[in-house]
Every structure is written in structure tokens, then in C-alpha cells.
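Since the structure of chain A is provided, determine the placement of chain B on it from the hints.
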Amino acid sequence: MSILTEHELKELSSQIYKMAELSSEAIVKSVDSLKNSKIDLAREIIENDNIIDSLEVEIDNECIKLLVTRQPAAVHLRLVLSYLKINTDLERIADLCTNIAKETIRLKGRPTLKPLVDIPRMAEISIEMLKKALRAFSEKNEKPAEEVIEMDNAIDELNLQIYRELFSYMAENPAKISEALGLIMVSKALERIGDHVTNIAERAIYYIKGIDIRHE
Amino acid sequence: MPKKISNKIIIYFSMLIVILIFFLLFFINNLVREMYFNMLSREMKRDLKLVESYYAAGTGENRRTDQLIAKNKIDRIAEITEMRITIIDYSGIVVYDSNVEDVSTLDNHRYRKEVNEAISVLYGESIRYSNTLKINMLYIAKKGEHFIFRAAKPLYEINNKLSNLKRTILLSGIIIIIISIIIIMVISKKISGPIREAVIFSQNFAMGDYSSRIMNYDDNEIGILQKSLNDMADIINEKINNLIIEQKKLKVTIESIQEGIAVIGNSGKILICNSAFGNMLNINTEPVDKIYYEIIWNSSLNEKIKYTLSTGKRITLEVALSGGNVYTAVINPFREEDNIRGILLVLHDITEQKKIDQIKTELIGNMSHELKTPVAILMGYLETMREHLNDKKMMENLIEKALANIERQNSLIDDILKLNKLEEDIRFLSETIDIEEILLNCIEILMPKCEKKNINIETAFIKADRNIQGNRFLAEEVFFNLVDNAINYNINKGSVFIRTVITDNSLIVKIKDTGIGIPADSIDRIFERFYRVDKSRSRQTGGTGLGLSIVKHAAELLGWSVNVLSNNSGTEFQVIIKIS
Chain A
0 MSILTEHELK
10 ELSSQIYKMA
20 ELSSEAIVKS
30 VDSLKNSKID
40 LAREIIENDN
50 IIDSLEVEID
60 NECIKLLVTR
70 QPAAVHLRLV
80 LSYLKINTDL
90 ERIADLCTNI
100 AKETIRLKGR
110 PTLKPLVDIP
120 RMAEISIEML
130 KKALRAFSEK
140 NEKPAEEVIE
150 MDNAIDELNL
160 QIYRELFSYM
170 AENPAKISEA
180 LGLIMVSKAL
190 ERIGDHVTNI
200 AERAIYYIKG
210 IDIRHE
Chain B
0 MPKKISNKII
10 IYFSMLIVIL
20 IFFLLFFINN
30 LVREMYFNML
40 SREMKRDLKL
50 VESYYAAGTG
60 ENRRTDQLIA
70 KNKIDRIAEI
80 TEMRITIIDY
90 SGIVVYDSNV
100 EDVSTLDNHR
110 YRKEVNEAIS
120 VLYGESIRYS
130 NTLKINMLYI
140 AKKGEHFIFR
150 AAKPLYEINN
160 KLSNLKRTIL
170 LSGIIIIIIS
180 IIIIMVISKK
190 ISGPIREAVI
200 FSQNFAMGDY
210 SSRIMNYDDN
220 EIGILQKSLN
230 DMADIINEKI
240 NNLIIEQKKL
250 KVTIESIQEG
260 IAVIGNSGKI
270 LICNSAFGNM
280 LNINTEPVDK
290 IYYEIIWNSS
300 LNEKIKYTLS
310 TGKRITLEVA
320 LSGGNVYTAV
330 INPFREEDNI
340 RGILLVLHDI
350 TEQKKIDQIK
360 TELIGNMSHE
370 LKTPVAILMG
380 YLETMREHLN
390 DKKMMENLIE
400 KALANIERQN
410 SLIDDILKLN
420 KLEEDIRFLS
430 ETIDIEEILL
440 NCIEILMPKC
450 EKKNINIETA
460 FIKADRNIQG
470 NRFLAEEVFF
480 NLVDNAINYN
490 INKGSVFIRT
500 VITDNSLIVK
510 IKDTGIGIPA
520 DSIDRIFERF
530 YRVDKSRSRQ
540 TGGTGLGLSI
550 VKHAAELLGW
560 SVNVLSNNSG
570 TEFQVIIKIS
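If you read the sequences in order, they're chains A and B. Residue numbers for the first sequence follow numbering that gives the first Met the number 0, so the first one is 0 and each next one is one higher. Residue numbers for the second sequence follow numbering that gives the first Met the number 0, so the first one is 0 and each next one is one higher.
The reader is advised that the hints may include incorrect statements.
Claimed, not checked - In silico DSSO-like cross-links for lysine-lysine, where the CA-CA straight-line distance does not exceed 27 Å: (1) Lys34(A) with Lys354(B); (2) Lys400(B) with Lys354(B); (3) Lys101(A) with Lys17(A); (4) Lys9(A) with Lys303(B); (5) Lys305(B) with Lys84(A); (6) Lys289(B) with Lys9(A); (7) Lys142(A) with Lys268(B).
Calculated from the structure, these hints are not laboratory results.
Excised from the complex, chain A in its bound form (with noise of 0.2 Å):
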């Protein structure tokens, strides 16, 4: 049995940080193929969905590899199986990008409703958060994990206004209940990406202080 060494931990979170940028990439072209009603974009997110998939397989290989030839101990221990699990996290944030996609085809050719301001807005505060919860992991710090714990909450709130100000588009007019569900959906998605991106920095503080803060 040998130890693990720095350079393979260094080349499992490069993996997982393409795996986190590509992710973020997807949440970016998602949300602009909605706004700008870019279908081709939305075609090839969920072309591209494939590319993140095999990544997450390839990245639980190697993760389950090292914690099999290396038996990694105490705080490796802890980084390898937050890996494996953010792994999963980062993963579903695509595959919610894909539904995000998949509503924009399914809107094809439909004027919007108005002009979209907040879920652009989520989707940028997602991405901050998951930019957040990653340094956390590189700087060993558990600031910005306890910061993207509190920005959750805006986005949580900013998908409820959603909900209330779609409400009543479709009490108007039910001519446009079907576009407002697609937009529930889109705004659905992006709240769940902000809950997958809790879980990393939740994970993020399991890996720097070695405290379960879930559920809390």
C-alpha cells in the first residue's frame, strides 16, 4: 500500500474543477438560449450533457480507485469522498441545464412573456455560489462555503417571486399558461442547481473541519 501522493490529488481536482466549469458553462448557454431564444445552443447543451456524463463516471473510477490502492486517511479521506459526492452534485446541475434546455426547444418561436431579469439573475448568482463553494475546497477555508449557504437563500426567494409573478401572468391570460409553466420549470431548475451547490459547500466544510452540517 503507498501513500497518496500530492500530484494525484492535484489531478483529481483538476478533473473535478473541468467537471464544475463545465457545469457552470452549461448553466450560462442554458440560460442564454432561453433569453435570446438560441435553439441551436439549446441542441447542442444537451448534446453536450454526454461529455459531462462520462466525466462523472470517469471521475468516480479514479476516486474509488484511490480510495482502494492508496486507503487514504483522516483529511484525504475526507477530500476524496466529498469528491466522489460534489461529483454527483455537479453532475445533476447539468442534467438540470438539459431540462433548462429542453423548455427553451419546447418554447420555440414563442414571443416571451416579458423580458426575463430574474432568472438571469439566478443563474448568475448559482454560478458565483458554485465558483465560491470550489475555492472553499482550494483554499481550505470554510468562508466561502458559510457564504454560499446564505446566497442560497436569495435565490430561494428570487424562484418564489417567480412563482407569484408567473401566478398571476396566468390568472390574465390562460393563453400563456403554457409559456408560464415553462418558465416554473426553468425557475425550478435553477433553485435546485442553488440546492446542489449547497451540498458542495456543505461538503466543502465536512472536508476543511470534519463536521456533518447537514440538515441543519
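Relative to chain A, chain B alone:
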């Protein structure tokens, strides 16, 4: 606390002196003791000879009296010389002892060491504890004719003398130690003082105090060391200053470059980067010393950086970063003896370039489309005419339509030429123009169009100094096109309001329509050639698609500015004319 050289010197020298003194003590003690013993034994031997001669005298005719006299004499000798004198016969029986009256109580002395020696080699000597007198004594025995003569002297005397001597030597030894320690301390201070000064100086230098120097050095090896330390400090100081200047130069150079620049080491860490780099990537943390993929959140760019770091191949690619801007990224490896030491990443903003390219492509597409359409229509009419040469009524109708299209083509070409002329920035004659008159003229020309669409034109001109420096032709182009647009893009039975307003230093002409307005995201683009907000409306409203382009260029040449305010109930164009 580090060990001090002076302490070491003091300890070693003190040890040396102590050892020396003890050796001295030992030698002197032994020497004195030996000398004393020799002297003592010589004296005692001499005395024994005397005793022997007296005792021998007592062996003559008057034996008893002589013996008594001899005994008395021997008693006297023993008393004067403070010795114990014993006479023993060869069988070991004591016949006389100066300290013991009744000799019969004494045991046999035959095998006492000194007696034994004396029997065999004439003289015997020993130092023993006397059971009789209970003290250490020196015994000397001499073999006589019939008897053994033995003298004994107590040793406390010599011991007392020797211990006196020891005490004197020890006392003077301690004094010598104290004096020499003081001397050594002074000497070692003298040696270690300058060394300590040099140590403190070099410690301060290492801590970053580059200005202090060692003062007044001695004229010896340590002085040379101090001097060379000073010289070294000067040289290092100069080198550090040069390095700081170099670094500042590099920083200023990198900072002043508009392109985002970052140097990434082969470990993946960002070594140097400028603020443009941070701005382009929208980073709010310090990027230096972080791993590149933690900073550059772009999977395609990071993949290429990784590729270059491992293969050393130069790569140029286009990337869209956060904020929607497009950059050319050049990833250039730098090597040291064939090993890749890192990469230089340069980001060049090509967003504007991309936009211009897109506009150009659109322009060419639009222009060819606009030029081709009337020709195609004309061709269609002409072909129909060829087939219906005899149908006079239809011919007339077709010729009318064909002429209208030719007219359209003509005006389009006129506009293109006009725009071209304006873009070439030809100096126009400056003359006094009357804005009100020009506006009224434009309205008059466009009146038939208004009547066709039932549009009402309302004017409100302010009475003011209306003579303005400009060029009539250009001003006409500006106002004609604006009023024309206000009519073309108006609803049927709509209105056009034309007003002039005077502010502190400018005259503002406001031309407002009651049309459908311009969407906010199109406002920036309406001055582009052939740009149409609604592509499907292009031919319905007439116009060449160049009108606002002409307005923009003409206004620029006149030094005027044109603002657009629009909502869904109409659009207002404001021409701001500076009055000097």
C-alpha cells in the same frame, strides 16, 4: 541563547590553570616530602652511630656503671633529638627503649620490617603506625656488632609542615586563577566584541535593514572581515535596488498593456498577471499563486493550457468568457534547456472586431439584396411585357410599375453615393443656415406623402437667433431623412410633432412621431446601414434603409448630435445643435 566564544575561552583557560596548579601542588608536595625524609633519615642514621658508639662503650669492664651511663647518655640523645631509640638483640628481644621503662612488656621485634632489613643489609627503613605510641612514625634501624639500633621519629611534624605548604600553594593558586580569569575575560571580550558586532550587523541585514554599517573597525583580521562585510552589504544593497527597479519596470509594462497577460508556472500556478487579465476573467480574488483552473473558469481554455503545459505546443484559440466578450487566447510555452518551465497566456479582446465583422457581413448581404430586388422585379415586368406586347392597357400599367422600381433603384444608388461622399469626410462650406426655413422646406417636399397616409404635421418653432453656422445641404439631409422616417414609420392618421427648443448653449430640434416605437435592444443599431427593426416591414414602408446612416454621418460632419427616445407610443429624435 547561542554559546559565546568568550565563555569557551574562559572555561578552557581556567581548566588549564587549575590542572597546572594541581600538578604543581602534587610535584612540590612529593619533592618536599622526599627531601625531608632523606634529611631526616640521614640525621637519624648519624644519631644511631652515636648511640651505637655509646652503647658499645658500656660493654667494657665496669659493665653495670658503664651501661647505666650509656643508658643515661642515650636517654639524653633521645630527649634532645625528640626520637624514640630502641635497642634490639639479634633474636628480636628489646633490650632498651627510650620511651618504655619496662622493656619486658614489648613483644618480639625480630620481624619488624626495618629490623629485618637491617639484619640483612646493615640499614633498614620503614614508615609505620606504631602500636606502642599510636602515631605514624619513621623507623630507621642499623645493624651493630651485637644489637640492632633503631630510631623512630613521629611524622606529625612533617605532615604539619607539608599541609602548611599545600595551603600556601592552594591559596596562591586560587589567586592566580582569579587574576587569570579576569585577564582572559578582558582578552576574550576584546576578541569577541567585534565578532559580535559583525554578527548583529549581519542579522540586521538579513532582517531587511540594508542601511546600517559596521563603524570603526580594528586593524586586524576581524577588521578586514568587518570591512568586507560592509562592502558586501553595499553591493547587495545596489543589486536589490536594481532588482526592485527592474520588477517595477516589468510591473508597469505589464500593467500598461491592454491585453490580459498571465504567466503560469509548470506546476500550474499563476506567477504573474496584470489587472487587465483579472478584469477580463471577472475575478474578485487575488489570482497570483492560485492554480490556473481555479481562476479561469473556462473548460476549453483550461484544456488547452493543460495540453500546452504537457506538450509544449503553442496554441491560439478563440474563447467566449463570462460577460459574453470574445477573446483570442494565445498560449505560448517558455522553456529552459528543453524543459517546459511554464506558459505565457495572452488574452486579446476581439469583441468589437467580431461585431464589426458581423455588421460587414450583414451590410454586404443587405446591399446585394436591396440592389437585386428592384432589378429582379423589373426583369419580371419586362418579361411579362414581352409576352403581352399588344395589350396596351397592361403595358401602360407594367411600365408605370417598372419605372417606379427603377426610381427606387435610382434613389438607392443616390443614397449609397451620398453616404459614401459623407463618409469620405469632405470639408463642406460653412455658411449661415436657417433651421426653421430648412425644416419648412422639408415638410413641403414631404407633404404629398403625408396626405397619402393622412398624417398631420404640427410645428412649434421658437423665435430665437435662428442663424446658425452649418451647411445647407447637410442640414437638409439630416432633417429630410428624420421627417421622412417620422412619416414612413407612423400609423395611418397619425401625427408628427416638430418643435425647436433653446437651452443655454444649444438649439434642440425635436421630431416626434406616433408610431410603434423602437425596441430598446435595437436603438443602438438603427444608425447602421440597412438595419431594420422588423425585417418583414422593410419594403412596405418604403425607403432605402440608408436614411439614418446618412443622418448620422451628416450630423457628425456638422458637429451635431442625434439622440433617440422611444417607447411603444412613438419615437422622438432630438438633433442637438451647439450655438457658440
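The hints, checked one at a time:
This hinted pair checks out: Lys34(A) and Lys354(B) have alpha carbons roughly 20 Å apart, not beyond 27 Å. Restraint check: the Cα-Cα separation between Lys400(B) and Lys354(B) comes to about 38 Å, which exceeds 27 Å; the hinted pair is violated. Restraint check for Lys101(A) and Lys17(A): the C-alpha separation of about 24 Å stays at or below 27 Å, so the hint holds. For the hint linking Lys9(A) to Lys303(B), the alpha-carbon distance of about 17 Å falls within 27 Å, and the restraint holds.
The hinted pair formed by Lys305(B) and Lys84(A) meets the criterion: a straight-line CA distance of about 25 Å does not exceed 27 Å. Taking the CA atoms of Lys289(B) and Lys9(A), the gap is about 12 Å. The hint holds against a cut of 27 Å. With a CA separation close to 22 Å, the supplied pair Lys142(A) and Lys268(B) stays within the 27 Å bound.
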